[in-house]
Structures are given as C-alpha cells and as structure tokens.
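Spelled out, the chains give:
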Amino acid sequence: MRLGSGTFAACCVVIEVLGVALFLRGFFPAPVRSSSRTEHQAEPPAPEPSTGASSNWTKLPPPLFSKVVIMLIDALRDDFVFGSKGVKFMPYTTYLVEKGASHSFVAEAKPPTVTMPRIKALMTGSLPGFIDVVRNLNSPALLEDNVITQAKAAGKRMIFYGDETWVKLFPQHFVEYDGTTSFFVSDYTEVDDNVTRHLDKVLKRGDWDVLILHYLGLDHIGHISGPSSPLIGHKLSEMDNILMKIHTSLLSEERENLSPNLLVLCGDHGMSETGSHGASSMEEVNTPLILISSAFERKPGDIRHPKHVQQTDLAATLAIGLGLPIPENSVGSLLFPSIEGRPVREQLRFLHLNAVQLSKLLQENVPSYKKEPGFEQFKMAERLHGNWIRLYLEESTSEVLFNLGTKVRRQYLDALRTLSLSLSRQVAQYDIYSMLVGTVMVLENPAHPNSRWSELDVVILLGTMGHVLSLGASSFIEEEHQTWYFLVNTLCLALCHEIYRNCFLGDDCEPRRCSHGERGFVNTAPALQDRSIGHDELEPHRASKSPTSLNTLRGWEKWMAMASPWVILTCCRLLRSLNQTGVQWAHRPDLGHWLTSSDHKAELSVLAALSLIMIFALVQRRCSLTSKVAMALGLLGVYCYRAAIGNVLFPWQRDSKDISKGLIEARFVHVFVLGILFTGTKDLLKSQVIAADFTIKTVGLWEIYSGLVLLAALLFRPHNLPVLVFSLLIQTIMTKFIWKPLRHDAAEITVMHYWFGQAFFYFQGNSNNIATVDISAGFVGLDTYVEVPAVFLTAFATFAGPVLWASHLVSFLSSETSSGSALSHACFCYALICSFPVSAYIILVTSLRYHLFIWSVFSPKLLYEGMHILITAAICVFFTAMDQTNTKS
Amino acid sequence: MKDTDIKRLLYTHLLCIFSIILSIFIPSFFLENFSILETHLTWLCICSVFVTAVNLVLYLVVKPNASSKRSSLSYKVTRFLKCCIYFLMSCFFFHVIFVLYGAPLIELVLETFLFAVILSTFTTVPCLCLLGPNIKAWLRVFSRNGVTSIWENSLQITTISSFIGTWLGAFPIPLDWERPWQVGFSYLKQQNKCLYSDGKTEEASQYACINDVVQLSSDATSLSL
Chain V
1 MRLGSGTFAA
11 CCVVIEVLGV
21 ALFLRGFFPA
31 PVRSSSRTEH
41 QAEPPAPEPS
51 TGASSNWTKL
61 PPPLFSKVVI
71 MLIDALRDDF
81 VFGSKGVKFM
91 PYTTYLVEKG
101 ASHSFVAEAK
111 PPTVTMPRIK
121 ALMTGSLPGF
131 IDVVRNLNSP
141 ALLEDNVITQ
151 AKAAGKRMIF
161 YGDETWVKLF
171 PQHFVEYDGT
181 TSFFVSDYTE
191 VDDNVTRHLD
201 KVLKRGDWDV
211 LILHYLGLDH
221 IGHISGPSSP
231 LIGHKLSEMD
241 NILMKIHTSL
251 LSEERENLSP
261 NLLVLCGDHG
271 MSETGSHGAS
281 SMEEVNTPLI
291 LISSAFERKP
301 GDIRHPKHVQ
311 QTDLAATLAI
321 GLGLPIPENS
331 VGSLLFPSIE
341 GRPVREQLRF
351 LHLNAVQLSK
361 LLQENVPSYK
371 KEPGFEQFKM
381 AERLHGNWIR
391 LYLEESTSEV
401 LFNLGTKVRR
411 QYLDALRTLS
421 LSLSRQVAQY
431 DIYSMLVGTV
441 MVLENPAHPN
451 SRWSELDVVI
461 LLGTMGHVLS
471 LGASSFIEEE
481 HQTWYFLVNT
491 LCLALCHEIY
501 RNCFLGDDCE
511 PRRCSHGERG
521 FVNTAPALQD
531 RSIGHDELEP
541 HRASKSPTSL
551 NTLRGWEKWM
561 AMASPWVILT
571 CCRLLRSLNQ
581 TGVQWAHRPD
591 LGHWLTSSDH
601 KAELSVLAAL
611 SLIMIFALVQ
621 RRCSLTSKVA
631 MALGLLGVYC
641 YRAAIGNVLF
651 PWQRDSKDIS
661 KGLIEARFVH
671 VFVLGILFTG
681 TKDLLKSQVI
691 AADFTIKTVG
701 LWEIYSGLVL
711 LAALLFRPHN
721 LPVLVFSLLI
731 QTIMTKFIWK
741 PLRHDAAEIT
751 VMHYWFGQAF
761 FYFQGNSNNI
771 ATVDISAGFV
781 GLDTYVEVPA
791 VFLTAFATFA
801 GPVLWASHLV
811 SFLSSETSSG
821 SALSHACFCY
831 ALICSFPVSA
841 YIILVTSLRY
851 HLFIWSVFSP
861 KLLYEGMHIL
871 ITAAICVFFT
881 AMDQTNTKS
Chain G
1001 MKDTDIKRLL
1011 YTHLLCIFSI
1021 ILSIFIPSFF
1031 LENFSILETH
1041 LTWLCICSVF
1051 VTAVNLVLYL
1061 VVKPNASSKR
1071 SSLSYKVTRF
1081 LKCCIYFLMS
1091 CFFFHVIFVL
1101 YGAPLIELVL
1111 ETFLFAVILS
1121 TFTTVPCLCL
1131 LGPNIKAWLR
1141 VFSRNGVTSI
1151 WENSLQITTI
1161 SSFIGTWLGA
1171 FPIPLDWERP
1181 WQVGFSYLKQ
1191 QNKCLYSDGK
1201 TEEASQYACI
1211 NDVVQLSSDA
1221 TSLSL
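First to last, the protein sequences are chains V and G.
First residue of the first sequence? That's 1 in this note's numbering, and the numbers climb one at a time after it.
First residue of the second sequence? That's 1001 in this note's numbering, and the numbers climb one at a time after it.
Only chain V is shown next, with the shape it has when bound in the complex:
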C-alpha cells in the first residue's frame, strides 16, 4: 500500500498541474474588446451631429501633423525627465518641457508593466490582460485594431528601429525596419547604437510619415544595476542628444513644408527601486509623455505642469493627429491640450469622434449602458453640439458661439473622462466553466488522502493551515516571506526544545512528544502511537541498534547538537537582512544593495570568493574524485564568469573596463554542470544494474545534487551566493545533529525540507511579484535568445531554493534509510504539502475574483503557484523514479 502511495501522489500532482493550467486559462480573461473585429474598415466615420441644418463634415478630419516621430525609451520613469535627474542629464528636454512648444504629461501605465503589453496599450489604447506577461516572450502578431494598422491602411509610410517586439507585433507594417533583440540584458550600448546609426540618414531623407524608435538601453541598465546607477545618467544624456537631433531636424523641415510635425517622447513603463519592473508600484507605473510640436506654441510665462493621464490616451491622440479613425478597442480619451490650438469647430469634431468611439465600446461591453453616467453625458453633449453646429452655420454672433462652444467642450471632456473610466474599470467576465473544471481537477488530489493526515505532525499541520489561511489576505501574500521566516524560526525553536529535553531529561523511554513545546498539550495519544508505529516501520535497523538517541553523541558533539538550532536561527537572521523583499518594507536598505553598489566591489569579490570556497568545502565531502575536481573547476569558472561580466574583481585587476558577455566562462561551467549530472546519472544506472552496491546510488544522488548546486552558483547573482552557502550549511548541520540523532520520521523531515525550501525561495530575494524574477539568469552562457534554455534557466534560478532542498531530501532519505517505503512516503508527503496550498489558493482566488487587488497581488501569486506546482510535479516524478529503482534493487 505504502509503495503505491508515492506513485499515486506523483500522478495526482501531474493531474493537478493540468488542473491549474486549465484554471489559469479560464482565470485570465479576454480584455474588453469590440465584437466587430473583422469589418472595421467598412464602417464610415460618424458625421458631425446637427439639428436642423445638415453639416458638410462627414469625412474624417485631415491629419494635424505631417510627420510623427515616436521616441519610446524603455523603462523611462517620470522622475528621469521631470525630476532632478532630468534637470541634470537632460537639459534640452527640460528646456522643452519648461519653455518650449510642448505639452508634458505623466502617463500612468496599468500593470503588468512589461514591454509588450505596454506597446499594445500605447498603440491600441486598450488594456491588455495579465496573460500577456506570459506571452511576452513570444509575441504573436497583433490582430486588434490599432494605430499602426490604421496608418498602414491609410497609406502612411512607417519606419521602425528598436525592440524586435514591434516587428513581431506588426509584421509587414513598416516599409523599413531594424529590430534589435531585447533579450540580451547585459548589453546596454549596442542595442541603442543599432537604433541611432540609422537616424541621420532617415532624418535627411524625409520620405516617411511615421518614425518609431524604441530604445532599450535604459531598461537594461536598470536590470543590471538599478535606477541609482551612474550609468543611468550617461544614458539619459545620450537620449537627450538624440532628442535634440530629431527635434532640430524636424524644425528645419517644417520651415520648408509649413505644416507642423509631432515628436512624442514616452516611456513604456517605469523602473522600481531595484531596477526591475512588472508590478504596480508608483515608480513602475508613472512614465513621462511629452508631445513636442510647433503647433503647441506658448507665450512666455505660460507654465504647464505635467498632468496625470492614462497611457492608453496616446492611441486616440495619435489617431486624431494622423487623421485616422480611433482604434475601436481604445479606452483612452483624447489628450485635449494637443488640439487646443485648433478652431472650436475642429476641437468639437475631434471630441465627438472620440466620444462616439468610446460609447460604442461601452454599448458592446455593458448591457445596461444606457444607465451609465458617461453615456448620458455623451448624449447630452451630442445634443448641445448639434445646437452649436446649427448656430455656427446660421452664423450667429461670435460671443454666443464661443460661450456655447466652451460649454459643449466641457461637456464632452466630462463625458470622455467618465466613459474612459468606466471602461477601464470594466472587469471582463471570467471563464467560470473552465475555472470550475480546473478547481475540481485540483481538488481531486487532496480530497483522497484524508485518512493519512495523522501521519503528519500536528504542529506542522497547524503551521501549514495557518499559512494557507493567510493566503486569503492580499497583505499576507505581498509579505508571504514574513510568514515563512516566522514558521521556520518557530520550527527551529521547537527543535531546540526537543533537543534540550532529550539532553537534560533523557526521556527516551517515553515516545517522542509533539515537538512543539507550546502546544504540547494539544497532542493526542492516537497520533503518538501512530507515529511510533510508523517510526518502527521506517527504520527497523535503527530501532534495534540503540534505544538512546542523543546519548550516542559524545562530548563536543552533544554541545554542537545543543548549539545547532541557534546557529541555524542566526543564519536565517543574517539571510533575512540580505534581501529585503515584499512590498511594505522592500525599500529599506539591505546588505544586498550595499554589496551590489559599485563602491563595494572589492567586498563583494571577497564575499563571492569565500562563498565559493565554502560551497566547495561543504559539497565535496561525499562526491567521487572526478566530480570533486569538476566541482572545483566549475566553481572557479563561476568566479571567472562573474569577473568577466564585471560583477566582481580579480585581485590583479584594477578597473573593469573590458566587460564582455562572459560566454566562454559560462559555457565552461555549463559543461561541468552537465558532466557532474551525467556522472551522477551514470552512477544511478550502475546501481540499478549491479543492484548490490548501495553506496553507489547514494553517491550518484549526491552528485546530481551537487551538479544542481553548481548550476545555482552560476546563475545566482554574486551577492546571493551566501544564500547558497547557508543553505548547504543548514542542511549539513540538520543532517548531522538533528535529523540523524533525533530520528525524525520521513514525513517530518519532508515537511521541514519544504518549509526551509520556501524560506530560501524568499531569502534569494524573490517575492510574489513578477518584477523580482531575475531574467538575466536566463541568458547566462547564451549568445542570443533561445527560448527553451532561457526559460529553463530562469525557472531554475527563481525556484533554486525549493529545488535544492527537495533534491537534498531525496539524497538524504535514500542514504539514511535502506527501507524503500521512506522515499515513497516522503514523495507522498511532499506532493500533499505542496498541493494543499495551491488548491486552497485556487478556491480563494475564485471567491475573491472581484477583489480590488486581483490583478496586482493575486494574479502574480497565482502564476507563481502554477509554476511551483509544475516544479513540484517534476520533483515528484524524480522521487518516484528513485523509489522504483529502490524497489527493484
């Protein structure tokens, strides 16, 4: 029965992965969109409203600008332009913002603040769903109605240079393009030079209507060294010069053509304090949006403060500016200052077009649209507009016209604002059906093994329950690391209590009590009996050997055992101050920031070198000679790699001028990782063939484990190497002084591994926020973006903590217990304890799907959980494979 349980659990987890996938498919809704997607060309533009007299303006108005240049700088935060950095590094832009013919805005990007959804938002004016983050890595062509497609249909000639995503989104839209790949994150000069080198030629030629430039360098600098790096300043000056060049060239051309041009400077998303993006903090969401054109002339002394607008407003503005129909899914409203200089009749015409488009979208998405305040306002405005047109055609006095015009305009602007708001708020319908099926499939797993819960410790169960319950509150999800640190600390104290009782009272004759001292009285007799039975069953060879536990340790070992929980607690405390994560306290200074700042490179180098030596010392003791050598060389390679890409220094190296991509070094390490993994697998296979030699299998498993450690050492950022060291140290201490002498059963050891794995996930600096995923790990040793290895490496680097602890669990259990049931039992427990929170979380998310924070807090966590369950499934399959070899031998 026991033997089957491991396999059963593995199957259940695999089914659960399918369930979660199905659930995710249902959960992430299709965004608000218009139903008439195919025949949008056929629709004629709405004519000007009029009462009585008929208007002659039934066509689309002509374009306002002859040429449009969009200069998009990736990760341009608002304070890079409007703040002190802008004044210092972008003098020309600051001049334009303060005194020039321009309108500046702070455009708010909606989460997910990732490039592709942001480009979509800018060009379609709609709000892309959260699932676009997942699709970000292979962007399919954009089918929705957007400005670019409209411009192409209108025969505009467009040129694009910059991020390749555009070329993928809009294939065959550009008459000329040069896409640069955005995936090699550590390069920040070449990506921009590739864009700028075309500029002179293109600006001189002038045979185009729209020029789009997407600069990636700033974003890459952010990912590498954060927003306070000195590199940012250089990059901003470079961008300022480019802007000046474009602007002067546009101005000189205007003098010949006499029709105004438009230059748009914008960012797609901001940059958090750690230099990443993806979430919804103020720094990530606020981007500058500056419209520069000689049409926006202003008198001296006219101070325009940057207004807060939505990023989606740009699409409507661009469409009007280019004389195109507004994209039909756009939820944005026209940026009114850009048309302020036009005659009143034109202004009203533009506003009317925008309002008609928005109200149509509202009609298609809200059944009770007639009751919406925005729609009522729009109808009102339309009526007034009709009156105004009649008066205008009858040529009334200018004053009456002007007053009524102002009134109509105000009415329209109100209507636009309300319409745009109610559309943005519109929560698209969830696909309840597939969510239900997914939930049922997920629930099928934990519902079955109810009878086995008595095997688990009451404490651990209560801790797990507490954690699961805490998932219902958004703050607890944001600060989930606190929960895990707290639980791990409590676990250590409980272990401490157990060790001390064993040492001082020596109550070996009575069965081990509940390890949690504070809840000792909760324990029940049946649980105790049950565990002692399981105990005997699991480790028969040990029970007969000696009844005493800690007494087997002598002298200093006993003292070490007593000190070990405190050592572990201290390690955890140090790791906690290494990376501040979460939301509320993420901005606080931590050791990691201190180490990564460029002033402390020497300290970081020493720390990295020490950590690598420690890793070698801790891992090598159980490896075979070949893998020992491979490990040493590999760790040396890791240091060389970090030195090559400029993170750490060699003692003989004074400055870090020659920064390379470190391809050779990284591949060198990859070879050793594969070598060690291969040796381990070979040993495992050998143990299966020979069947007698038990130690070969142990060594094989340990070698696989050490191969993973080496890979993690390569992928972790250098300041995170201590995390790896402490993880190994804690594992060694726990093995030697806690698990072996106290003879915990497999279930307890599994849960402890799981808890520590989760805590280390957060010690690494992860959080339940997409922004903390370290994408650069996916490009270690890769020249260009290759999807499969990049995704694999990123996933491994992110989930290194849980994966390493789980593989340690396999290697520990198979070396400690010769009886086969321990592994399958552990597999069962691992599957259970991982899938329980996931299933509970899915139910919670379903019930909270109209929560305010569903997109910013709950959805990213859901994606993390989905990924976690996938990795758990892989681990469980590995467990089962080990278990099978065990039973065969």
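These aren't lab readings, by the way, just hints derived from the structure by calculation.
If a hint is listed, it holds; no wrong ones were tucked in.
One-sided excerpt, in silico: chain G residues whose CB lies under 7 Å from chain V:
| id | residue |
| --- | --- |
| 1 | Leu1100 |
| 2 | Tyr1101 |
| 3 | Gly1102 |
| 4 | Pro1174 |
| 5 | Leu1175 |
Covered by chain G, according to a simulated footprint, are these stretches of chain V (three or more residues, beta-carbon under 8 Å):
| id | stretch |
| --- | --- |
| 6 | 477–484 |
| 7 | 488–502 |
Since the model is a prediction, treat every value here as computed from it, not as a measurement.
All C-beta atoms, glycine included, are put in the ideal place defined by N, C-alpha and C.
Given chain V, work out where chain G should sit, using these hints.
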C-alpha cells in the same frame, strides 16, 4: 483544601487582570498625554511594574508553597538577588529571540527590550514567585506529567498561553488596513519589519487568565460533583 486553593487561585487571577486594567487608567491621572496607543512605551513599563508588584504581593500573602522551614536573612537576600538575575537573564534571552525572529538589531532596541521585559513579567515572574530560582523545578513543571499541585498547573497554562499569545500577536503585522485601532502597531510597522506587536501580549495574558478561570471553575464544579 483543594476548594480553598481554587478559590484563592481565582482571586489571584482576578487581581492580576484587575491590575492590568488599573495600569491603563491610573497613570492618566498622574501623567499628561497618557494613552495606551500613543505612549505605549510608558504604559508597558507601568504595566510590567504593576503586574510584578501584584505577583509579589500575592506571593507574600497567599504563600502557595509555604515552606515551614525558617531561613536566615542572608539566605533570603541571596534568593532575591538570584531571582533578579534570573529575571534579567530571561529579558535578554527573549530579546535575543525577538532579534532572531526579525526585530531590527539597533533601531527600536528600546521597544524590543521592553517587549522582552513584559513577556518576562508574564512568564518568568510567576515562575520565580512560585518555584523560586530552581531550574530543576522549572523543568519538572514544564515537562509532561510533572505537575504536582493546582498552582503549578495554572502556572503552566498561563505561561504557555502567554507564549502562544505573543506568537499569534505577530500575525497582524503584515496587514495594511490603516484602521484607527491599528495605530499602535502601524507605528511599529512604519519603522520596522520585526515580528511583534506590544499590545498583544497583554491581551494574550488576559485571555490566558480568562481561560484559566474558566478551566478552574469547571474543575471546581467537577470536584463538587
């Protein structure tokens, strides 16, 4: 005998609760701007002083384990000094544990220490009063089946409940509800990320007392039956 003990126990716990309540109201007559939430540090000091005093007085009056043996003054003095040292040690021990749990090492050191003091007041002081500075007896009481009298039983329950209360008191810290009653620890929250909140121990101890009373009354009824 047992009935009188239970009655006494009930009164001592009631007095303890009463002293905690008094510590909230009395200082406002003497100190300006006193309130639990705003000047919580002062209140913590006052509360721990009150509770210690009540415990000592009760110990002297009730004498649950009255030893008939008369002892010399020097013996009493050393015993008292030992108790003080034990109390201080427990304060530092708790402080270390709070730091290990994530309280900041340097900033807010006073808050952390006062929290350690109040936790010691609710756990160590009753132990010292009842059992004296005798580690063996402590270990006996807090191990399984080691309880000999109803006094020790009550001690065990109150101490363990205080620990659990402290432990549970950390849970609201990550919440960001910004409600008025959260002022007490949103103040803490703004400045630190540590895992404690001060008001909670107090409540926990009250709960402990209440639990205790409930259990004792049920004991009493079962005895009378």
